[in-house]
Amino acid sequence: MIETFLRRSKAAGSYILRTPKLLLGLVLLSSLLLLGLLGPQFVDVEKARPISVKPSQPPSAEYPLGTDSGGRDVLAVIIVGTPQTLRMGLLAGIVGVVLGTSLGLIAGYFGGRIDMIISTATDTMLTIPPLAILLVVAASVRTMSVENMALIIALLSWMFPARTIRAQVLSLREQPYVHMARLAGLSDIRIIFEEIMPNILPLAAASFVGATSGAILAGIGLEVLGMGPQRTPTLGMTIYWAQLYSALIRGLWWWWLPPILVLIVLFVGLFLVSAAMDEFVNPRLRKTG
Amino acid sequence: MKQAYFIRRLIMFFVVVVLAATLNFIIPRLAPGDPIGAVLEELRARGASTGGDAEDEIVAAYRARFGLDQPIQIQYFRFLFNTLRFDLGYSISYYPQKVEAALLRSLPWTVGLLAISTLLSFAAGSFFGAMMAWPRAPGVMQRFVPMFMVLSAVPYYLLGLILVYIFAFVMRLLPLGGAYSSGTVPRLDLDFLLDVIRHGILPALSILLTSVGFWALGMRGTMVTVLGEDYLTLAEAKGLPDRRIFFAYAMRNALLPQVTSLAIALGTVASGSVLVEVVFNYPGIGWLLYNALRSSDYYMVQGVTFFLVLTVAVSVLIVDLIYPLLDPRIER
Chain A
35 MIETFLRRSK AAGSYILRTP KLLLGLVLLS SLLLLGLLGP QFVDVEKARP ISVKPSQPPS
95 AEYPLGTDSG GRDVLAVIIV GTPQTLRMGL LAGIVGVVLG TSLGLIAGYF GGRIDMIIST
155 ATDTMLTIPP LAILLVVAAS VRTMSVENMA LIIALLSWMF PARTIRAQVL SLREQPYVHM
215 ARLAGLSDIR IIFEEIMPNI LPLAAASFVG ATSGAILAGI GLEVLGMGPQ RTPTLGMTIY
275 WAQLYSALIR GLWWWWLPPI LVLIVLFVGL FLVSAAMDEF VNPRLRKTG
Chain B
106 MKQAYFIRRL IMFFVVVVLA ATLNFIIPRL APGDPIGAVL EELRARGAST GGDAEDEIVA
166 AYRARFGLDQ PIQIQYFRFL FNTLRFDLGY SISYYPQKVE AALLRSLPWT VGLLAISTLL
226 SFAAGSFFGA MMAWPRAPGV MQRFVPMFMV LSAVPYYLLG LILVYIFAFV MRLLPLGGAY
286 SSGTVPRLDL DFLLDVIRHG ILPALSILLT SVGFWALGMR GTMVTVLGED YLTLAEAKGL
346 PDRRIFFAYA MRNALLPQVT SLAIALGTVA SGSVLVEVVF NYPGIGWLLY NALRSSDYYM
406 VQGVTFFLVL TVAVSVLIVD LIYPLLDPRI ER
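Protein chains in written order, with our numbering: chain A, 35 to 323; chain B, 106 to 437.
Here chain A stands alone, though its shape is the one from the complex:
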């Protein structure tokens, strides 16, 4: 398994360098990561707290991105908020994909009644608009934190991974080498982990990017509606506050524009990475790119 993994990573590594899409996407994402990591070295993040600076100031030497009406330095808010958004997305993405991959594996490998139950549940959940459920849940949770928001969103992001993985496992299960393994008397668990797992890892990685991106989208949606974490400054909540205090018609563009631009960089970065991963997993897409 480790050998396969190394060989795969090497193939993936050389693939990254050959695909401009993936490279650009990774550059965009890592620049956001650097913003969160190195930002606190240059900017006093304490100014992200309310009433810590003079409110509604336009950008100046002291506050490069100005301040909002709540007395927060917008640059400091962005620096604190960006990693929070990433953390939420990654957390929800990981939980969603692990959940989805396990369910997909079980359903695809064992088939029969288990498969029927899992598949029906997946199809059912897929027809429920996630935002509707998220809003009801979020409205019922009194104090929202980044972590419980990630968990709530994760509970709604396992379906796509589950479906893709199940379909893949269904075809892998019938491969000759899996039959061989079964004839050789390997246990189900060993077949799943040693024979099937390595072959679904690229697919799982691709759905991880998709799930993370979807989770961030859902999270930002909740935040813009004012249902996000109240204590931590996040990008979506910044847009919410800006909307609530009519920053747009008061001409305070420095309040809402920076978080939007950061989010656009984030979404475009995730889109490029996920498009490139899809091409990697599904080589038929490469030709028409």
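Some hints here could point you the wrong way.
[As the list claims (entries may be wrong)] Stretch by stretch, here's where chain B covers chain A in the computed footprint (C-beta under 8 Å, at least three residues):
1. 257 to 265
2. 271 to 284
[Said to hold, decoys possible] Which residues of chain B face chain A? A partial, calculated answer using Cβ under 10 Å:
3. Leu263
4. Leu266
5. Val269
6. Val275
7. Leu278
8. Val409
To be clear, the hints were calculated from the coordinates, so they are not data collected in a lab. Yeah, the Cβ is synthetic: ideal placement off N, Cα and C, and Gly gets one too.
Once you have looked at the hints, place chain B on chain A.
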């Protein structure tokens, strides 16, 4: 076999609807406090209530009125029964008003704005996508459309904010938000219609710009497959004009899978509307939901979310039932 499929599909639809109603019932009840408590808290915060006996009486009256004094299973079955016949109860914030009345009032705005922009974006996106896969398409297409695909990664409401700022605030060309000018009363004449269109341009544009790429991407995929078919080679060998091959042979067949997505997209119109309506103060379903959330109008939130689930479930059901008729190949 076919019959079994239809029945299975109908049962699944029913399960989804009941499940959605049940979740709507359970989730808010898991949270600490109850809706009446939330209303009281707000009254206290405003200084409108001082507590004491008078308050207890109010609470008891409210609980009885909303059936919250019944045992939980009775509450559940009553809720389920009422929900399934679309009796969604009263709004707490605007008490004598029923939830379904508010829904019906907001619905035309949402359907009008979202359905029209979805259809426009579908038409434009499918055409662009088909052109991208077409080897003899003008080179502009190949370079121009990928831009839209990148744009499709951006949430439409974020783009909407930027558009409002540029066109409504800085250039003052278009209104900042709302569905019609404040002060006018909705009526059916040309002036009002033009006013509505002026208000709809920016929200529609933000949806269009961010969703054209999605349709183009899907269309390009199916078009590539169709272009490999033998009947296209035959059409070319017959010497048919390019334009005819493109529209009548290639695009027509590539559109079928797109139509499925269109039906689903139209079904999700209501739930996709929430954020765009909040950004543009557009008085549709999304705006209703947002305000209900902000004023913790429990029954309104439940009613609207149930309605959102219902519209999606119905459209997916319709697609699943119609698809075998459209495409005999997937007969099961």
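Each hint tested on the structure:
no. : hint       : result
1   : 257 to 265 : holds (count 4)
2   : 271 to 284 : holds (count 4)
3   : Leu263     : holds, 5 Å
4   : Leu266     : holds, 6 Å
5   : Val269     : holds, 6 Å
6   : Val275     : holds, 9 Å
7   : Leu278     : violated, 15 Å
8   : Val409     : holds, 8 Å
Checked against the numbered hints above, the structure breaks only hint 7 and satisfies the rest.
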